Structures are given as C-alpha cells and as structure tokens.
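Novice: Residue 582, in this note's numbering, is where the first sequence stops; the numbers in between run on with no holes.
Possibly wrong hints are sitting among the right ones.
[Unchecked claim] Straight-line Cα separation of at most 25 Å, SDA-like style, residue types lysine to any residue; simulated pairs:
hint: 1; residue 1: K439; residue 2: N399
hint: 2; residue 1: K118; residue 2: H537
hint: 3; residue 1: K55; residue 2: M25
hint: 4; residue 1: K329; residue 2: W365
hint: 5; residue 1: K77; residue 2: T21
hint: 6; residue 1: K544; residue 2: C471
hint: 7; residue 1: K262; residue 2: E355
hint: 8; residue 1: K309; residue 2: E355
hint: 9; residue 1: K273; residue 2: S184
hint: 10; residue 1: K568; residue 2: H385
hint: 11; residue 1: K360; residue 2: L305
hint: 12; residue 1: K77; residue 2: D32
hint: 13; residue 1: K273; residue 2: F192
hint: 14; residue 1: K11; residue 2: E24
hint: 15; residue 1: K77; residue 2: I546
hint: 16; residue 1: K273; residue 2: V208
hint: 17; residue 1: K262; residue 2: H369
hint: 18; residue 1: K77; residue 2: Q92
hint: 19; residue 1: K309; residue 2: K329
hint: 20; residue 1: K111; residue 2: H535
hint: 21; residue 1: K258; residue 2: K360
hint: 22; residue 1: K500; residue 2: I546
hint: 23; residue 1: K285; residue 2: N307
It is worth saying that the hints were derived from the structure and are not from the lab. Just so we're clear, the structure is a prediction, and the values are computed from it rather than from any experiment.
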Amino acid sequence: MKDQLQHLLTKCIQDLISKGTLNEMPSKIRIDHTKDNSHGDYATNIALMLSSQAKMSPLELAQIIIDQLEHRSFLKKVEIAGPGFINFFISQESSISIINEIIDQASSYGKSDIGQGKKVLLEYVSANPTGPLHVGHGRGAAYGATVSNLLRNAGFIVDNEYYVNDAGRQMDILTVSIFLRYLSFCGEKLRFPDNGYQGQYINDIAQVIYDTSGKEFHLKSDLIFKNVCKDGAEGGDKEKHIDQLIEKAKSKLGGGFKAVFKVGIESILSGIKNDLAEFGVVFEKWFSEQSLIDNGLSESCISKLKNSKNLYEKDGALWFKTTNYGDEKDRVVVRDNGNHTYFASDIAYHLDKLERGYDKIINVWGADHHGYIPRVKASIEALGHSSNKLEVLLVQFANLYRGGSKVQMSTRSGSFVTLEDLRAEVGNDAARFFYILRKSEQHMDFDLDLAKSKTNENPVYYIQYAHARICSVFRQAVEKEIELNVDQANLSLLIEQTEKDILRELSRFKSVLESSAIQYEPHQLAYYLRDLSTHFHSYYNACKFIVDDKSLTLARLSLISATQQVLKNGLSILGVGAPESM
RNA sequence: GCGCUCGUAGCUCAGCUGGAUAGAGUGUCGGCCUCCGAAGCCGAAUGUCGGGUGUUCGAAUCACCUCGAGCGCACCA
Numbered sequence: 001m002k003d004q005l006q007h008l009l010t011k012c013i014q015d016l017i018s019k020g021t022l023n024e025m026p027s028k029i030r031i032d033h034t035k036d037n038s039h040g041d042y043a044t045n046i047a048l049m050l051s052s053q054a055k056m057s058p059l060e061l062a063q064i065i066i067d068q069l070e071h072r073s074f075l076k077k078v079e080i081a082g083p084g085f086i087n088f089f090i091s092q093e094s095s096i097s098i099i100n101e102i103i104d105q106a107s108s109y110g111k112s113d114i115g116q117g118k119k120v121l122l123e124y125v126s127a128n129p130t131g132p133l134h135v136g137h138g139r140g141a142a143y144g145a146t147v148s149n150l151l152r153n154a155g156f157i158v159d160n161e162y163y164v165n166d167a168g169r170q171m172d173i174l175t176v177s178i179f180l181r182y183l184s185f186c187g188e189k190l191r192f193p194d195n196g197y198q199g200q201y202i203n204d205i206a207q208v209i210y211d212t213s214g215k216e217f218h219l220k221s222d223l224i225f226k227n228v229c230k231d232g233a234e235g236g237d238k239e240k241h242i243d244q245l246i247e248k249a250k251s252k253l254g255g256g257f258k259a260v261f262k263v264g265i266e267s268i269l270s271g272i273k274n275d276l277a278e279f280g281v282v283f284e285k286w287f288s289e290q291s292l293i294d295n296g297l298s299e300s301c302i303s304k305l306k307n308s309k310n311l312y313e314k315d316g317a318l319w320f321k322t323t324n325y326g327d328e329k330d331r332v333v334v335r336d337n338g339n340h341t342y343f344a345s346d347i348a349y350h351l352d353k354l355e356r357g358y359d360k361i362i363n364v365w366g367a368d369h370h371g372y373i374p375r376v377k378a379s380i381e382a383l384g385h386s387s388n389k390l391e392v393l394l395v396q397f398a399n400l401y402r403g404g405s406k407v408q409m410s411t412r413s414g415s416f417v418t419l420e421d422l423r424a425e426v427g428n429d430a431a432r433f434f435y436i437l438r439k440s441e442q443h444m445d446f447d448l449d450l451a452k453s454k455t456n457e458n459p460v461y462y463i464q465y466a467h468a469r470i471c472s473v474f475r476q477a478v479e480k481e482i483e484l485n486v487d488q489a490n491l492s493l494l495i496e497q498t499e500k501d502i503l504r505e506l507s508r509f510k511s512v513l514e515s516s517a518i519q520y521e522p523h524q525l526a527y528y529l530r531d532l533s534t535h536f537h538s539y540y541n542a543c544k545f546i547v548d549d550k551s552l553t554l555a556r557l558s559l560i561s562a563t564q565q566v567l568k569n570g571l572s573i574l575g576v577g578a579p580e581s582m
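Please build the complete structure, drawing on both the sequences and the hints.
Specialist: Here's what the structure looks like:
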C-alpha cells in the first residue's frame, strides 16, 4: 500500500516537473504512517519540502499536487491539513485486504528482499574464552542474534561468527591458573596468584584433569614458586609475579603446559557454545585467533604492511603508522620481545574477512572498544580495501544492580553473574526480550532483583499473553464447531474503531521490519509488537469475537488470526517463543 | 586534557535522516470479571525534552557553547 502511494506520488511529482511547476525531483519522497487517525492512514510532507522550490506556499502547492494526483480506487479521501501535509485515507476494501495477505503468506509474511541477497558477515559476542559468559555478554549475544534474524528476514545472507581469542598472555594466565589449582588437588600447598582467574570453574576444570590424568602433571610447588618475585598483595608486582609463574610452568611442564591449556580452553569453549545455543544464539563459524598465527596470515599481513611502507621501528618494537589513516596515534604490531600484539592478529582477521567476499562486515563490540575502531579501519585502508565495508555497532554495557547497588563484573575475580544463571532465573524469552528492548547504544540499568523477582514487569509476557489469548479463542471456536475460513468471511463487517486500529497497526508491520533491519535496531520491532498487543487487548475487552452472527464471527476471527500470525512472526525474529497457553 | 556515547514524566525508557496537541511501561488515584484467560481493559494526574545561543515558516530532533553522567585514550585482549 505504501509502495503504491510512493509510486503514485513519484509519478505526480514527475508530471509537475514536466509541466514546469517544479524543477527537480526531491532526494526522497517521505510517506509516513500517521500517528493520529484523524490524519488519515498515511501522510506526506512533500508540499512543505518543495514549497520553496516551487516559490509558492505549502498549502497552494499541496492543492496542486492533489489535483495532479491520479485517482485510484484504494484512496477514499485525500486532504490537506495543518501547515501543508497531505493526508491519505485508505478505502476500507483496501485496508482489510491485508488480512488475506497475512493469512495466505502465514509464517513468511513480513519477509522482504531489500537485502537483495547481499552477503553479510556478522561478528558478535567474541568474549575471551577465559571463563563462562556473564550477563554483560548476554546483551551482545541477544542483540547480534536479533540483528542477524532481522537481516535474514530482509533478504540478506548472513553468516554469524565468533572470534575466539585463544592466543596471547590471557591464555597463559588461564592455563597457569588451572595448573595451580590442579597442584592443590595433588596435595601441594601454594599461594594462588592475585592475578590468576579465581572462579569456581577453574577448580572444576582442574578437578577434571586430576580425575582423568591423575598426577601426570604433578610438580612440587617449590619448583614453580622458587625465585619468583613477590605478588602484588605481598608488596611485589602482580603482573611480574604471574608472568614468572607462567615461564616456570612452561619450562618445567614442557608439553604438559599445552595439554593443560587444551583441556581448559575446550572445556570453557564448549560451555560457551552450549550456553549460547540454549539461548538461541547460533554461530556458523568459530574463528580461532591462534589459527591466524599458525597459518602465517598474521605474519604475511605484517610483511604486506612493511612493503607498503606503513611500518617503522622504534624502541625495539614495530609500529604501524595508523595516523596516516586518521588514527590519533601510531600502534605497535610487534613488541620488543618479538611477540605480535592483539592488534596484529586483528589486522589479519579483518583482512581474512574481507577476502572471503562479503558485501558488508559488521562487528558488534562493547562500547568500551570504540577507540579501537580507527586503527582497524586504518589497517583495512592500508591493505588496499575500503573501510566503508566495515560497520561497527557498539553496544553499551549493562550496569548490574543488586540490592540497589552496582555489581562489579570481573572475570578475573570470579565475581560475576553468569548468563546461565540469569537464563535459569528469568527464562530465555524474558532475557532475550529485555536485552533488546533498549537501544543498543543506550546505557542500560539491569536490576537483577527486579528481573528475578517480578518478571511480569517484562513486557514480553504482555505480548505472549496476547498470542496465548488468541489461541485460547480459537480453542473455544473449535469447541463450538466453528471453523475459520477467510474466504467465507465478510471482512467489510469490521467497522468498530478497535478493529480499524488493529488494521492500521498490522499495515505497519512490514515497514517496521524494514526499518529495524536497516538501522540495526531490534527495539523498534519490540515496541511495535507491544503496541499491536495493546490494540488486541483493547479489542478483546471491547468486542466479543464469537457471536451469534456467523459471518461477523468469521470476520473477527480472521482479524485476530492475522494478528496472531504477525505476533508470532515478530516474536520469532526476536528469538522469543509464542506460547499457545501460559 | 582530547575523543566517543548519553541527559525526555517520581522511576525505566521510546520518539532524534526537522514537521501537525511530546509518548509508553511502571508507580499513584478511581472504575471494569454470573460473559471467548483480570499476566487484561477503561479513566485521571504528572514534563522549563539538562541549560543557553543560533539556523528555519517550523527544533526534543540540526549547529555552536555550557553543565552533568558513563566509557576510552597500553609494547592488555
């Protein structure tokens, strides 16, 4: 319907240009769903936009546009309002046709091809595999998965990817943490380093190693701790302390160090995978950072940068002149100790992504990484690609509150609430919905007590209830041996205000989906579904659906069936269930 | 200090590519179940859109300034 209006208006403006009333086509002709139904169904501000160009008042121009507009049967009335808006009133015959359209297309209603099959790589979560996912990661997971659904629904081809940071110092710290806990199981007395990972899950992994391998990796703790400098809490340097422990463990354990690491990371990763899968978040690819080092891609990237004269040496380290590409300062890619930085791997990773042939690469990052964007874009440019292909979506942290005070989230100290705990307490549906309800760049206050105790505060139940209620009505209909057949329904009987309101709302669904997808804003869909539910609940209270008049009954059942379908399709994109009863 | 994000009703937030009287949930107050599910509906009250200046026929929306909050400015990842 909106498309038809768009066509009609475009042609109208073209005609006026050829008549000489107007000079040029505006960049966009806006047609909006009206907020207020006294303004009709759709409105355009085109006369206001073009009045200066036409050198006449908006009201005059609006009248000329209306006169030029071809008459179409779907338009009941066209009028000028306010300062020069043109309001379109759609005929009833046309507005009820959406019911048939929805019921015919069923679960595919709402799909579009605005993506034209363009290939998108969507990377999100990518939390360091140093422990279980916590509620902070949940927001990125829910957001990324929903954006993925929205894009797919809009005709994009989307691959979801998780970048696994399985290389570097963090992994060594993880390994040594597990190893020291393991030594405790072997009966060694030792002081656990301040900088080690302290969570219970570390003990669990150590326990598994002890249970399966016995004392295979057992070393006297003296052997590890001898000559190691003092830890932070003992008045020493906690960073040096743990680095020396790592070195000792590596040299004394030999291949055993890698074996412990392998058990550790596999255990943590499989935990993360399960957690996400249960949350309805599925990745096509888990991309290993270590693989970039193993297959030499990281190294070859550095050579490429060297050849393009973008690298220089300073203080024994190798620097990338990212300032050439708009970054605020240059960045180290190879440290003075010869190790590649995280950034070096990331350059290789992004190059790899680009060379896999995607039209668009989207990274969902925590907002604390915003300063990192310029240097990644710099590396893309330096390697001869267009940085426009990369889009970074920032997701703000969720601040957690418990008992009115902020909860500190630290994987290192183990003081965090896991995503798994949250899901267990509030359920997947409520968690998925709650996470995407706020605009991603909005700071979010997540009150755990509220989320856990008064889950009805979450509007997801309101929407699900609307769906369940409709299902319940249909159960009643079956009992009364009424079978819904839209072809037999006389939809022109739908004349109540609440019915018109629902029809208006249903007609918005497609544009909401389109807008949510293009702007990467799932919350738009969430708000829409709540509004649709509100109209349904009002309708439910205002009118009885199953009445003596058979054809009215069929008409009303058709309308709520279409509503049910849209609720279901919308919820499915949000990764939320549409229960038949609750 | 520089940069990014944000500041809208008591609270949590929509609205921001300029448009018609600034919205919702929650909370407060008052109504609605012998009738398809009351996890619901109907009604009332509540705002200097942080503050200021500018651009415009028109600003919560754009520009500049200012105040306040969060985050970032590593040879960490």
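Novice: Take the hints in turn and mark each one as holding or not.
Specialist: Hints and how they fare:
Restraint check: the Cα-Cα separation between K439 and N399 comes to about 14 Å, which is no more than 25 Å; the hinted pair holds. For a cut-off of 25 Å, the pair hint linking K118 to H537 is broken: about 39 Å separates their Cα positions. For a cut-off of 25 Å, the pair hint linking K55 to M25 stands: about 15 Å separates their Cα positions. At roughly 21 Å between alpha-carbon atoms, K329 and W365 fall within 25 Å of each other, so this suggested pair holds.
Proximity of K77 to T21 is assessed by CA-CA distance (about 24 Å); at most 25 Å being required, the pair is judged to hold. With a C-alpha separation of about 15 Å, the suggested pairing of K544 with C471 holds against the 25 Å cut-off. Proposed proximity of K262 and E355 is contradicted: the alpha carbons are some 30 Å apart, above 25 Å. With a C-alpha separation of about 22 Å, the suggested pair K309 and E355 falls inside the 25 Å cut-off, and the hint holds.
Note on K273 and S184: the hinted pairing is violated, with a Cα-Cα distance of about 29 Å set against a maximum of 25 Å. Between the alpha carbons of K568 and H385 the distance comes to roughly 41 Å, so the proposed pair goes past 25 Å and is violated. For the suggested pair K360 and L305, the alpha carbons sit about 23 Å apart, so the restraint of at most 25 Å is met. Among the hinted pairs, K77 with D32 is consistent with the structure: their alpha-carbon atoms are about 16 Å apart, no more than 25 Å.
At most 25 Å may separate the alpha-carbon atoms for a hinted pair to count; K273 and F192 exceed this at roughly 29 Å. At roughly 13 Å between alpha-carbon atoms, K11 and E24 fall within 25 Å of each other, so this suggested pair holds. Among the hinted pairs, K77 with I546 is inconsistent with the structure: their alpha-carbon atoms are about 33 Å apart, more than 25 Å. Restraint check for K273 and V208: the C-alpha separation of about 19 Å stays at or below 25 Å, so the hint holds.
Taking the CA atoms of K262 and H369, the gap is near 28 Å; set against the 25 Å cutoff, the hint is violated. Of the supplied pair hints, the one linking K77 and Q92 holds, its CA atoms being roughly 11 Å apart against a limit of 25 Å. Restraint check for K309 and K329: the C-alpha separation of about 17 Å stays at or below 25 Å, so the hint holds. This hinted pair checks out: K111 and H535 have alpha carbons roughly 23 Å apart, not beyond 25 Å.
Proximity of K258 to K360 is assessed by CA-CA distance (about 37 Å); at most 25 Å being required, the pair is judged violated. At roughly 18 Å between alpha-carbon atoms, K500 and I546 fall within 25 Å of each other, so this suggested pair holds. With a C-alpha separation of about 31 Å, the suggested pairing of K285 with N307 is violated against the 25 Å cut-off.
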